[in-house]
Amino acid sequence: MTPNLHLWLIPVLPLVGTAVNGLFGKKFSRQTVAAVALLFSGAAFAMALFVASRFSSLTTPHIEFLATWIRAGKFQADFAFYLDQLSLVMLLVVTGVGFLIHIYSVGYMWEEGGFYRFFAYLNLFMFFMLTLVLASNYLLMFIGWEGVGLASYLLIGFWFTKDSAAAAGKKAFIVNRIGDFGFLIALFLLIKHFGSLNFDQVFQSVIPMGAETGGAGLLTAVGLLLMVGAAGKSAQIPLYVWLPDAMEGPTPVSALIHAATMVTAGVYMVARSHVIFDRAPAALTVVAITGTLTALFAATIGVAQTDIKKVLAYSTISQLGYMFMACGVAAYSAGIFHLMTHAFFKGLLFLAAGSVIHALSGEQDMRLMGGLRTKIPWTFWTMTIATFAIAGIPPFAGFFSKDEILWRAYQASWVYWFIGLFTAFLTSFYMFRLWFMTFFGEYRGATEDAPAHLALDIHSDTRAGAPAPHGHGGIHESPPLMVIPLVVLAVLSFTGGWIGVPGSLGGSNRFDKFIGPVFHSTVTALGAEGHGVATAEREAEGPEAQAGHGTELIFTGISVFAGLLGFGLAWLLYYRNPQLPQQIAAGLGGLYQAVVHKYYIDELYAALFVKPLIAGSALILWHGIDQDVIDAALDNSAHGAREVSDSVRHMQSGNLRSYAGWVAAGAAVVIAYMVWIGTR
Amino acid sequence: MNLHPMDLDRWSPIILTLVTFIPLAGALLLLLLPRRHRDIRVFSLVVTLLTFVLSLHLPVHFHRAALAGFQYEFDRSWIPTPNIHYHMGVDGISMWLVVLTTFLTPLCVLISWKSIDERVKEFFIILLVLETALIGVFVSLDLFLFYFFWEATLIPMALLIGMYGHGRKVYAAVKFFLYTMIASVFMLAAILWLYAKVGTFDFVTIQNAIRSGQVAGFTSAAQWLFLGFFVAFAVKVPLFPFHTWLPDAHVEAPTAGSVLLAGVLLKMGTYGMLRFNLGLFPDQARANAWWVMILALIGIVYGALVALVQPNMKKLIAYTSVSHLGFVVLGIFSFTQAGLDGATFVMLAHGVSTGALFMLAGALYERRHNYDISEFGGLATSMPVYASFFLFIVLASVGLPLLNGFVGEFLVLSGAFQARAVYGILGATGVIWSAGYLLWMYQRVFFGKITHPVNERLPDLDLREQIALLPAAAAALVMGVAPLLWLNAIDPAVQTALAPFAELASKVVGQ
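Chains as they are written, first to last, in the numbering used here: chain B, 21 to 700; chain A, -11 to 499.
These are calculated hints, taken from the structure and not from any lab test.
Incomplete in silico selection of chain B near chain A, CB under 10 Å:
no., residue
1, 93
2, 159
3, 162
4, 165
5, 169
6, 183
7, 198
8, 200
9, 207
10, 209
Reference listing, derived: stretches of chain B covered by chain A, where coverage requires no fewer than 3 residues with Cβ under 8 Å from a Cβ of chain A:
no., region
11, 77 to 91
12, 635 to 643
Just so we're clear, the structure is a prediction, and the values are computed from it rather than from any experiment.
Cβ atoms here follow ideal geometry from the backbone N, Cα and C, with glycine treated the same way.
Between the sequences and the hints, there should be enough to build the whole structure, so can you do that?
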């Protein structure tokens, strides 16, 4: 008898927080609201730790049934929860980072209106995200999947009186729905062919199937459609456009939802579905290519952004690209490893950026920052650790995970590796650019005696996600409630990679050993058939892998060098010689403009899809077909519109009784006729 | 759920009669009441609530295990010549439609409390008569009785629009009346043909006669009979391209009229297709399914796109009904268990959430006497409770999982996909459109800064309005979390309805 861990409590606890704050929070003091929100998100974290402590005694996957949700004929979907190494890692990341960000938010949002609303939404997000990672079937996962989208919508549009925030929330929801469309079709395919959406049943049916060659087949279709869903949620090409706009939300939201957790849901979903992807090499290739291109594409945009949060947003898109690159070469555990370290350092980067913004009373333009390292030292040092982590400098967390991805990518194709390497260089460059612009040099923003002395055309509406200016002026370090989460995440960003030190560096990659079985479990079945990508992939870890350690070390050296090169270039351009960037930008002309304007993709989508759709609907469908064709035809067939309206006017002239009489008389005639016909 | 056998025995034969005619009895009593508005309103509320409570007897004592046939049946000869029976009964599908009707009507009374302040007595009489007619449609198992109630819904609804509407109300009322009336004549012809051949209006008898091949000349007439019923239902649904009466009727109708129109009246059409087009003419239903599904798909996409660009909030909601009812038709003509289960569930879910949307639009109209979206903006600041209710219902309507819209849509699309993948795929684009039109409208009405000074002082929902909306919101949530409460009665009924199709399929395989 397996123990009952009451897994359902983990998502439901934060939901209780939502209910309490959502229904009564308006009357609560801020302290009470914060206590409720922290209590329930903290309880979820505690439950997750408890589950982790009992984990070794479980047979995995451990499935807990709560109730049946939907049943139609033979199809059934349950509220049931699925725990294995993969969901445990996700569980710990989501509740742990989530709880820290809840703490931080208490400090960050303290002076904001709608305090209770904010925490009700934040807890709601936790509910849906935990449902997503604990679901034991695709339909329950879809609840979480759509639900986190809702929480994201609500939180992006938290400052709803701002048009840009409201528009960004709507955009996020709709673009995500396009992805969900793909997800849904994948589910229909699974139902049609396997009659179930339960992970264990679907995977049991899929495991005996061979790998599909020639890029066609059921599993390939399912894989591609799932990837459409993943591209929406995890902001990959071509559906990434919502994420930069999502920065309109409060910064803790950007940290939790749009960096650490929700946007990684697509990666989790692909990894969860690895049994399908392993047998659909064509779909896997699409995953890898999408991830690789997105990583590069977003990084190039990140290079030219001046809003501190926008840089981090594009960086997130780019890092998510790495995770898909990993999944695409069937290195799922590397992808999840990066997902975890990224949650630490990117969560930290956003929180630290929030602390900078907080210190500057809402300023987000890096051109108006500078020299902040002495003024906000805690923020500076923690952000420094995060920056080194994302830049892939050893021994920070990001180094190990990114390096593993690049190494595994190389084994699939040098092209993935090379683009990934170049992206690593760009990443290091734009992150150190941010670091230098924010913390070094002279302070360029407005002070109490002098307004911003930068002769730049800075539109106030480009500021996104800024809290309302605080009463107390001057640049100040954030309160302890905000600093403590920074420090904890900094420790994790520093040490978090050490659980995945590869053999080539003398480690034993404990992370891979822990989570690996989830992805190995199917390999035996595949191996028995003697084909499939995963098999070839795993062989690389056999004896030959030992011999490959030398090569691996060389590659590690190259990627560290790329990171250092990025640092050097940033140092040169943004510390040593700050005039240079502008000259270079001027020299690049149109190319630079294209990058600054994010390659005009938003404009392109508007011109290609949004505007034609709206104009077509109004002019052709509504005015054209509805009014000019259908209604006109109707009126004609009713002996001309005039006569109808004449008779109408006639009836209208009478009072209620005569009108009712007309109608009743009509009905009576019909009924009499009916009876008469019937009696014949 | 066989709680008290005694209880069941005593009530079951007459429960449908009670539920159907209590509103009518209430209307007759209203005639005698003096014209004191408050008394009339309270009395109407009591009558509709009583009807609702009584109607709960149906799901509570329903035998969910019983597969075939109708329950709570009552069958007496009414008029010997022509052979008309007073035959009532429900299955797991029609039962919920009855409950939907009795659930929405008290809410309509509440929401009309203040907005109707002229000819109050007539209004509530009409409303109660309408309720009886609507329930009668769903419980009749005699085609004559069915047709009687079917036509009987027309008069009170037309009166509601024509007398209590706004703007071009009489145009809208007459358009509604003539349009659906003319279409019904085709159904009448089909019914009379059947009567002439079988000698009875009894649904079950006719069904058995057709299935056992005892109806002379049926094979040659079947397609026409199918179409006769279908046209009447398609106009009522309304299926593209028969939908243009709907936006006009909705825009001009008073709130209660819109709620019952969208919430219940449209479902008469889809219910009719399910019961009669599938129940009596399975072969023809199969043969005609391809184009019916195409029309349904056009309705889904077309209704959504036209909704997207409506400047008038109420018209927007009206067009969303065209889209949502497209899902229902798609599900019905997929002839799959999931498709029909889903179609029935969408009927109920749409009734609740679109009913609530119309109540919300009506609340705004009471304050501003305007439905133009451009007249609003930033209302979340001045009316936060209203904004919360509205968002909740919008989310239910866009099919967010755990709210009621999702379950039905998912099942319908899954069923359509099983029937024919491309239908499921095209239908599934609906999930994108619905998010588009509703969230865009919501953004324009509630977000941003208040642009019209008059909106700054709009009062938020009062207690009465909240009491009217709360049950709808609660239902939207419960239906989304525990759809099994509904599905476990629907599922067996659908299985029964699909039995001839399974035989059909096996016949095709056998050939």
